[in-house]
Amino acid sequence: MITEQIKKNLLEKLSATHVQVVDESQAHVGHMGVQMGGGHFHVTIVSDQFSEKNTLARQRLVYSVLQEEMKQAVHALRMETYTPEEWRRQKSEGR
Amino acid sequence: MDSKFKEQVQKDIQANKILLYIKGNKEAPQCGFSAQVISIFKTLGLPFETRDILSNPDLRSGMKEFSQWPTFPQVYVNGEFLGGCDIVTEMYQKGELQKKLV
Numbered sequence: 620m621i622t623e624q625i626k627k628n629l630l631e632k633l634s635a636t637h638v639q640v641v642d643e644s645q646a647h648v649g650h651m652g653v654q655m656g657g658g659h660f661h662v663t664i665v666s667d668q669f670s671e672k673n674t675l676a677r678q679r680l681v682y683s684v685l686q687e688e689m690k691q692a693v694h695a696l697r698m699e700t701y702t703p704e705e706w707r708r709q710k711s712e713g714r
Numbered sequence: 004m005d006s007k008f009k010e011q012v013q014k015d016i017q018a019n020k021i022l023l024y025i026k027g028n029k030e031a032p033q034c035g036f037s038a039q040v041i042s043i044f045k046t047l048g049l050p051f052e053t054r055d056i057l058s059n060p061d062l063r064s065g066m067k068e069f070s071q072w073p074t075f076p077q078v079y080v081n082g083e084f085l086g087g088c089d090i091v092t093e094m095y096q097k098g099e100l101q102k103k104l105v
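So the protein sequences, as listed, match chains E and Y.
First residue of the first sequence? That's 620 in this note's numbering, and the numbers climb one at a time after it.
First residue of the second sequence? That's 4 in this note's numbering, and the numbers climb one at a time after it.
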């Protein structure tokens, strides 16, 4: 499963402490990207490696470890990236 | 990516304050994410240009390499790559995008 592969990569290569991958392809059926075989995924990643990086740098980092997946299996990636500290705050705010 | 392509893109992003590399065009975006960035810039009410990467496969592969970014839309403001739909939406919601355009 592609979601498992994405998750495994993120956990291993980003030393992520939390990863959630949701396949949202169903919401985009009929959309050209889906017809071409690429899925839409929503990933939530918590990793120390995001420290002192802005959103652009964080997303570049995520793309860099998913290069193979981005070529074929993934058409679009919605990303939420947190450091462990930001993740704790996020959760305590109950959002 | 040859140097001529690189040069052309450099020129284009310098000549256009807001330049969006998207799927489709302003009137008929072919992807929800492209549509979303268009609607943000339309709301801001500033002139912007778009380039359709679906009708130009060389531009599509070239821009992935130029921006070091694998997806579209790709948003350039003042010649600077800002990111894709997620980032630009976040910047808009925080008012950071508006600051770049003053």
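Among these hints, one or two may not hold up.
Keeping only pairs whose Cα atoms sit at most 25 Å apart, straight-line, the calculated DSS-like set for lysine-lysine is [what the hints assert, rightly or not]:
| id | chain 1 | residue 1 | chain 2 | residue 2 |
| --- | --- | --- | --- | --- |
| 1 | Y | K14 | Y | K102 |
| 2 | Y | K97 | Y | K14 |
| 3 | Y | K20 | E | K626 |
| 4 | E | K710 | Y | K102 |
| 5 | E | K672 | Y | K29 |
| 6 | Y | K20 | E | K690 |
| 7 | Y | K67 | E | K632 |
| 8 | Y | K45 | E | K672 |
| 9 | Y | K45 | Y | K20 |
| 10 | E | K626 | E | K672 |
| 11 | Y | K29 | Y | K103 |
| 12 | Y | K103 | Y | K20 |
| 13 | E | K710 | E | K672 |
| 14 | Y | K7 | Y | K103 |
| 15 | E | K632 | E | K690 |
| 16 | Y | K45 | Y | K7 |
| 17 | Y | K103 | E | K672 |
| 18 | E | K672 | Y | K97 |
| 19 | E | K690 | Y | K9 |
| 20 | Y | K9 | Y | K20 |
| 21 | E | K632 | E | K672 |
| 22 | E | K690 | E | K626 |
| 23 | Y | K9 | Y | K97 |
| 24 | Y | K67 | Y | K20 |
| 25 | Y | K102 | Y | K7 |
| 26 | Y | K7 | Y | K97 |
| 27 | Y | K67 | Y | K29 |
Here are the computed distance ranges between Cβ atoms for each label pair [stated by the list, open to error]:
| id | chain 1 | residue 1 | chain 2 | residue 2 | range |
| --- | --- | --- | --- | --- | --- |
| 28 | Y | G35 | E | L675 | 30 to 36 Å |
| 29 | E | Q691 | Y | G98 | 21 to 27 Å |
| 30 | Y | Q13 | E | R707 | 41 to 47 Å |
| 31 | Y | R63 | E | R679 | 14 to 20 Å |
| 32 | Y | S64 | E | L630 | 15 to 21 Å |
| 33 | E | T674 | Y | E68 | 18 to 24 Å |
| 34 | E | S711 | Y | D5 | 48 to 54 Å |
| 35 | E | S711 | Y | K14 | 29 to 35 Å |
| 36 | E | S711 | Y | K9 | 22 to 28 Å |
Derived by calculation from the structure, the hints in this document are not laboratory data.
Beta carbons: idealized from backbone N, C-alpha and C, even for Gly.
**Report entry** Index of numbered hints that the structure contradicts, given in increasing order
**Finding:** Hints 2, 3, 4, 5, 6, 8, 14, 16, 23, 25, 26, 28, 29, 32, 35 and 36 are the ones this structure does not satisfy, whereas the remaining hints hold.
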